[in-house]
Amino acid sequence: MAAPRLFRPAARLLSSRLSAPRRPAFPQSACAPSILRFRGYATEGGVKEVTVRDALNEALAEELETNPKTFILGEEVAQYNGAYKVTRGLLDRFGPKRVIDTPITEAGFCGLAVGAALAGLHPVCEFMTFNFAMQAIDQIINSAAKTHYMSGGIQPCNVTFRGPNGFAAGVAAQHSQDYSAWYGSIPGLKVVSPWSSEDAKGLLKAAIRDPNPVVVLENELLYGQAFPMSEAAQKDDFVLPIGKAKIERPGKDLTIVSLSRCVGLSLNAAAELKQKYGVEAEVINLRSVKPLDVETIVQSLKKTGRIMCVESGFPMFGVSSEILALAMEYGFDYLTAPAVRVTGAEVPTPYAVGLEQMSFPQVDTILGQATKLLRL
Amino acid sequence: MTLDVFKEDDKLFSVPIAEDSFDTYHLDPPPYSVETTKRELKQLYHDMTLIRRMELAADGLYKDRKIRGFCHLSTGQEAVAVGIEHALTKHDKLITAYRSHGFTLMRGGTVKSIIGELLGRREGISYGKGGSMHMFCESFFGGNGIVGASVPVGAGIAFAQQYNDANNVTIDLYGDGAANQGQVHEAFNMAKLWNLPVIFGCENNKYGMGTSVERASAMTEYYKRGQYIPGLRINGMDVLAVLSAVRYGKNFVQAGNGPLVYEYLTYRYAGHSMSDPGIAYRSREELKEQRANDPISNLKERLIEWGVFSEEDAKTIDKNVRSKVNDEVAEAEKMAEPETKLDILFEDIYVRGSEPQQRRGRTIDETYYRG
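Same order as they appear, the protein sequences are chains A and B.
Using the numbering used here, read the first sequence as starting at 1 and increasing by one per residue.
Using the numbering used here, read the second sequence as starting at 1001 and increasing by one per residue.
No lab work stands behind these hints: they were computed from the structure.
It is possible that part of the hints are untrue.
Mimicking SDA-like on lysine to any residue, the simulated pairs with C-alpha atoms at most 25 Å apart in a straight line are [what the hints assert, rightly or not]:
| no. | chain 1 | residue 1 | chain 2 | residue 2 |
| --- | --- | --- | --- | --- |
| 1 | B | K1066 | A | A173 |
| 2 | A | K85 | B | I1279 |
| 3 | A | K85 | B | R1039 |
| 4 | B | K1206 | A | L91 |
| 5 | B | K1206 | A | Y80 |
| 6 | A | K235 | A | V353 |
Construct all of the structure, not just a fragment, from the sequences and the given hints.
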């Protein structure tokens, strides 16, 4: 142990120079969900139907309102009110300094957002879709995700990347890809994937407040869908914790782990399982891809003994591959049947409607696998 | 003015081009006249009308909810696709972005194969796999959906032509929105560095989606964007100006002078895609003014003036084109959809004969195995 001792004085010098002021710890309370503080949901009367689009819009507006360091930039976010109208009205309300139309130059404006974050701002970088973020993925991974570590914790990067992810209707291969697994595999990133309006608002706000680079994978097909939103979630301090899954439907016979739009399909399948076979499936909405809520998944599988993952990414090396591996690592002794996955097919998304449907999980695909798994 | 037009359809003669058709950058202007024939002039008119009619048919089918997803129409921009094609041979190559129906037709696609693709049919030009943005045929490299990404690919096509000692040219097209993408400039650099036979072409229709060029570009003279590459701005609403410019550029490039950066000033009548009404960011007056400068009527008036054809001849062409498009759309609508079988789903992901034996569908039961 001679060598480390030799270096110790210099190390001590360095650590004293860089200690408290350069690496302030992030106050956890900033991201604590308000439901923890307000104790539970409001009465039925306070519940309101809100679309995912409006929930995201509300989250952005509230964060722009409260945090002067936050601004949003991206293609068509300002004057056109957003390609998918998520940023509607924000330019009028917050002006062109805070809501910025960029040229169609993803690598450029993504890099610029990362730079602004390194310099202390809290940018929200919208990609018209995550398909176009592939143009900028080097900035997301090499410039944003790794810098804090490479700098030995000196240089944080509080940036949020958001936009629709996954397939939409009839837009073919270059515009229909699910990047959950791509970003989920990168240390230094946090990745969330909302399904409902509460998810959308709470997770986007948490992402903006989180001091790390966070990728928010939304879904175009969900934007127009309305979900009930509790009174607590309607408040401007509503945030959801990143890394916590939500049990959308409790059950005892089968655990279905899902994310984003597939949560809705899984719930429909669970309802059919109940109706046709009297089976109670537990549906877990992951909410967060990274960090993954392993505890909730494993607790559930210990209860049900069977696990199925439903997602729309490519099957190989994907989110469900990971969850199945975790199920084996942590829950092997509790499994009463091999774990099962329902995923997108291993094919660039075809344009024709029939083929497109064959490429992504449908309710009957989930149902078919569940009945097999349960030997119904 | 009446030109001395030969009675015979195939005799060469010269027609003038307006003096304000070109702006140059480190380049002598192309000739202000085009050597052509009556047959070719009529063909130019026919081809533009055919694209217009086909796009309008697509517009109708989309509104009837028969076409899904994205559908980017090129109404108003026909002179660019037609003018370029008539300056090329089928050995020359062309690549463009997602506003590709007109180019597909000019490069050798048929109305029914294009409409069939838009309808997602098995006999569509990409067998129903690609849709509006992804159509390909010989010497035409698509139909590309990612803004700017096709530009270095086009430089690569030109590289292959040079590598193979093929004395041909690649037309590498992108929009004014894409012109700001970094990789466009990376492609410029390599093309000039290696003297590649490519004519970059910015179709400047004045809006990248809903953003006007002034709000997206620090410098909107796209023909000067090559900096060290000579450039030319062309009135893209005049098919003859486009024809003259591309013929001239092709000779320039084939003589070993290296790449060119062209800018075709044009205008799209429709929105960016079918979901964009295209009126939120531009005024009705502007649209009206631009429609008064229609590339098809422009040419028609001159052809009548020059005695190339009569108003009646033009009407006959219009009528024939309309019935051809109607017939082919009807045929396309009768085409079958691709069968929803794993054989069809997984076909052509890899080159035939080189496929992995096993592909995975949505579930383990849908594993596709071909021994």
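Against the structure, the hints come out as follows:
1. K1066/B - A173/A: At roughly 19 Å apart (the allowed maximum being 25 Å), A173/A and K1066/B satisfy the hint.
2. K85/A - I1279/B: At roughly 16 Å apart (the allowed maximum being 25 Å), I1279/B and K85/A satisfy the hint.
3. K85/A - R1039/B: 49 Å, violated
4. K1206/B - L91/A: 22 Å, holds
5. K1206/B - Y80/A: Given pair K1206/B, Y80/A holds - Cα atoms ~15 Å apart, limit 25 Å.
6. K235/A - V353/A: 40 Å, violated
Going down the numbered hints, you'll see the structure goes against 3 and 6, while the others check out.
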